[in-house]
Amino acid sequence: MNPFIEWTAAAVIVIAAFFLLVGAIGLVRLPDFYMRLHAPTKASTLGVGGVLIASMLVSVGHGRPGIAELLITLFLFVTAPVSANLLAQAALHLKLPSRAPAPDDAVPGRPAD
Amino acid sequence: MNVLDMALNIGIAAVTLAVLLCAVRLLRGPTPTDRVLALDTLYMNAVALIVLLGIRWNTALLFEGALLVAMLGFASTVGLARYLSRGDVVE
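Chains as they are written, first to last, in our numbering: chain A, 55 to 167; chain B, 304 to 394.
With the rest of the complex left out, here is chain B:
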């Protein structure tokens, strides 16, 4: 096992743990903004996890998926934050 595979193992384990911690905050979060923030961080960690798996399987197919997840995460965070602050998504 070479050094890149070991680093990928460590990275995938750490990002999975981070996803679990974000899920804890998503389920527990006392306010709606906490839950939206947890979802935003969850999206970021999902992008990191997809990219790490793309390195491990040596394929470029997963990066378009990561780009899609990043764009949808940003759009949903903006929509939810505007709903919380204005009571409406599009005025």
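So here's chain A without its partners, still in its complex pose:
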């Protein structure tokens, strides 16, 4: 295999694994559901995208086109925000507590809904 392709794929794999690990650590460590929703949805999208880009590079280096990887990447990039949005709607419907400060124009004495 071309050494340039090999080094690039190795670097992309390490960066993507770092992002996946950071997303999972945020999922465990952050104190509030909305913050926990923020961490893995962004980091995991970038992490899985990086792993699939590396897989495409390796399969092009082996001389076969990476069509299946491209399909998985497109599918994940379309569906990840949709599922995060539905989870946020469910959390708002269940009225989960948030640690975010109240906005400046909040009516005093009225509970946030």
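Derived by calculation from the structure, the hints in this document are not laboratory data. Misleading hints may appear alongside valid ones.
[Said to hold, decoys possible] Here are a few chain B residues that face chain A, going by a calculated C-beta distance under 7 Å: (1) Val306; (2) Val327; (3) Leu340; (4) Thr344; (5) Ile358; (6) Ala369; (7) Thr380; (8) Val381.
[To be verified] Chain A regions said to be covered by chain B (calculated; three or more residues, Cβ under 8 Å): (9) 63–71; (10) 75–86; (11) 90–97; (12) 100–110; (13) 113–123; (14) 127–134; (15) 147–160.
[Unchecked claim] Listed next, the stretches of chain B that the computed footprint assigns to chain A, with coverage defined by at least 3 CB atoms under 8 Å from CB atoms of chain A: (16) 308–314; (17) 330–338; (18) 345–357.
None of the values given here were measured: they were computed from a predicted structure. All C-beta atoms, glycine included, are put in the ideal place defined by N, C-alpha and C.
Starting from the known structure of chain A, arrange chain B on it as the hints suggest.
This is chain B only, laid out in the frame that chain A set:
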């Protein structure tokens, strides 16, 4: 051992650790939405792990499996989130 194998070792170790952390949140999560979010992240990490193993074993057979896992993960997350927010999956 060349550089790609070393990077694959690092990547597989990190993704396995991420799967374990998602399992911690799945078992501990105080609310049902936390558990659904942990399952969603677990599906994403499983796709990454399958693709990394496909690179390591130099086979294209595993990518259809990764696509299937991604589709089933999305469908189950949507179903569970709609069940939590509406009390019903299909109205």
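These are the hints, each one checked on the structure:
Interface hint status for Val306/B: upheld, as the beta-carbon distance to the closest one in chain A is roughly 5 Å, under 7 Å. Taking 7 Å as the C-beta cut-off, the interface hint given for Val327/B holds, the closest approach to chain A being about 6 Å. Residue-level restraint check for Leu340/B holds (minimum Cβ-Cβ distance to chain A is 6 Å; threshold 7 Å). Taking 7 Å as the C-beta contact cut-off toward chain A, the hint placing Thr344/B at the interface holds, the least distance being around 4 Å.
Evaluation of the Ile358/B hint against chain A yields a held restraint, the C-beta minimum of about 5 Å falling below 7 Å. Checking Ala369/B against chain A by beta carbon gives a least distance of about 6 Å; that is within 7 Å, so the hint holds. Checking Thr380/B against chain A by beta carbon gives a least distance of about 4 Å; that is within 7 Å, so the hint holds. Proximity of Val381/B to chain A holds as hinted, the smallest CB-CB distance being about 6 Å (cut-off 7 Å).
Counting residues of the stretch 63–71 of chain A whose CB falls under 8 Å from any CB of chain B gives 7; the rule of at least 3 is met. Evaluation of the coverage hint for the stretch 75–86 of chain A: fulfilled, as 6 residues show C-beta separations to chain B shorter than 8 Å, against a requirement of three. For the stretch 90–97 of chain A, the stated coverage by chain B is satisfied: 3 residues place a CB nearer than 8 Å to a CB of that chain, which reaches the threshold of 3. Beta-carbon proximity to chain B at under 8 Å applies to 6 residues in the stretch 100–110 of chain A; the threshold of 3 is reached and the given coverage holds.
Remark: the stretch 113–123 of chain A is confirmed as covered by chain B, as 5 of its residues place a Cβ nearer than 8 Å to a Cβ of that chain, reaching the required three. Coverage of a stretch by a chain is defined here by at least three residues with a beta carbon nearer than 8 Å to that chain's beta carbons; for the stretch 127–134 of chain A and chain B the count is 4, and the condition holds. Counting residues of the stretch 147–160 of chain A whose CB lies closer than 8 Å to any CB of chain B gives 3, which reaches the minimum of 3, so the coverage claim holds. Counting residues of the stretch 308–314 of chain B whose CB lies closer than 8 Å to any CB of chain A gives 5, which reaches the minimum of 3, so the coverage claim holds.
Against chain A, the stretch 330–338 of chain B contributes 4 residues with a C-beta closer than 8 Å to a partner C-beta. That satisfies the three-residue criterion, and the hint holds. With 7 residues having a Cβ less than 8 Å from any Cβ of chain A, the stretch 345–357 of chain B passes the three-residue criterion, so the hint holds.
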